[in-house]
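Undergrad: Sequence:
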Amino acid sequence: MKKALIAIAAASLCAFSFSASAMTKEEHSTAKSQIDATYKSDKAACDAMQKNAKDICMAEAKGKDKVAKAELEAQYKPSAGHDKKIRDAKAEAAYDVAKEKCDDQTGNAKDVCVKDAKAARTAAKADAKVSKAASEARTGDASPAKVAEVRKDAAEDKRDANYAAAKERCDAMSGNAKDACQADVKTKFGK
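What the sequence shown shows, in mature numbering (1 follows the signal peptide of the UniProt record, and there is no 0), is residues -22 to -1, 1 to 169, in sequence order.
Since the hints were derived computationally from the structure, they do not count as laboratory data. Heads up, a few of these hints could be off.
[Unchecked claim] Below are the SDA-like pairs computed for lysine to any residue, each with C-alpha atoms no more than 25 Å apart in a straight line:
1. Lys79 x Lys130
2. Lys88 x Asn30
3. Lys96 x Gln83
4. Lys130 x Met151
5. Lys63 x Ile13
6. Lys96 x Lys156
7. Lys18 x Lys40
8. Lys21 x Lys32
9. Lys136 x Gly153
10. Lys156 x Gln83
11. Lys136 x Ala95
12. Lys77 x Asp66
This one's a predicted model, so the numbers in the text were calculated from it and none came from an experiment.
Produce the complete structure using the sequences and hints provided.
TA: In structure tokens:
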């Protein structure tokens, strides 16, 4: 299933990237209908599954749909904002799938899995913000100072998310080992 999703995503990305001219309203409408049909088909395939496998499949289908729609909008009306929306959609889709996969685990392992998924989402969204600011700076819509500020904020967001994930790993320990782990994490992340 995952290989099929990757192949479809790559094919749709290639199809969108080869079109050099602006998309007409009719082409946009047709492409949107195709995306909706693909989502319905993917959703129907998930209905045959059970329990968490079904939840994971549904998260993948929804994520693929959101990413495809974001890519379609970026092709229809290209802008730095739409490029950011694509990256945000990909980050959210990956997070939703990872979170569903975490449901197969229990206890601290599940908590760590969720924190890692959140950290990955935070990093991807922070990178999207930096990319948008850098793109705006290249076109003259943002100053280098704004880009530097966005980069600083993104680094701080990533550090905080990674700190939360590392701290959660320490909770699996007890006694002196837990105390040492927490001290190491605080030192590593400057907290």
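Undergrad: Please go over all the hints and tell whether each is borne out by the structure.
TA: Right, here's what the structure says about each hint:
no. : hint            : in the structure
1   : Lys79 x Lys130  : violated, 31 Å
2   : Lys88 x Asn30   : holds, 14 Å
3   : Lys96 x Gln83   : holds, 16 Å
4   : Lys130 x Met151 : violated, 33 Å
5   : Lys63 x Ile13   : holds, 17 Å
6   : Lys96 x Lys156  : holds, 22 Å
7   : Lys18 x Lys40   : holds, 10 Å
8   : Lys21 x Lys32   : holds, 9 Å
9   : Lys136 x Gly153 : violated, 29 Å
10  : Lys156 x Gln83  : holds, 21 Å
11  : Lys136 x Ala95  : holds, 12 Å
12  : Lys77 x Asp66   : holds, 16 Å
Comparing the model with each earlier hint shows violations of hints 1, 4, 9; every other hint is respected.
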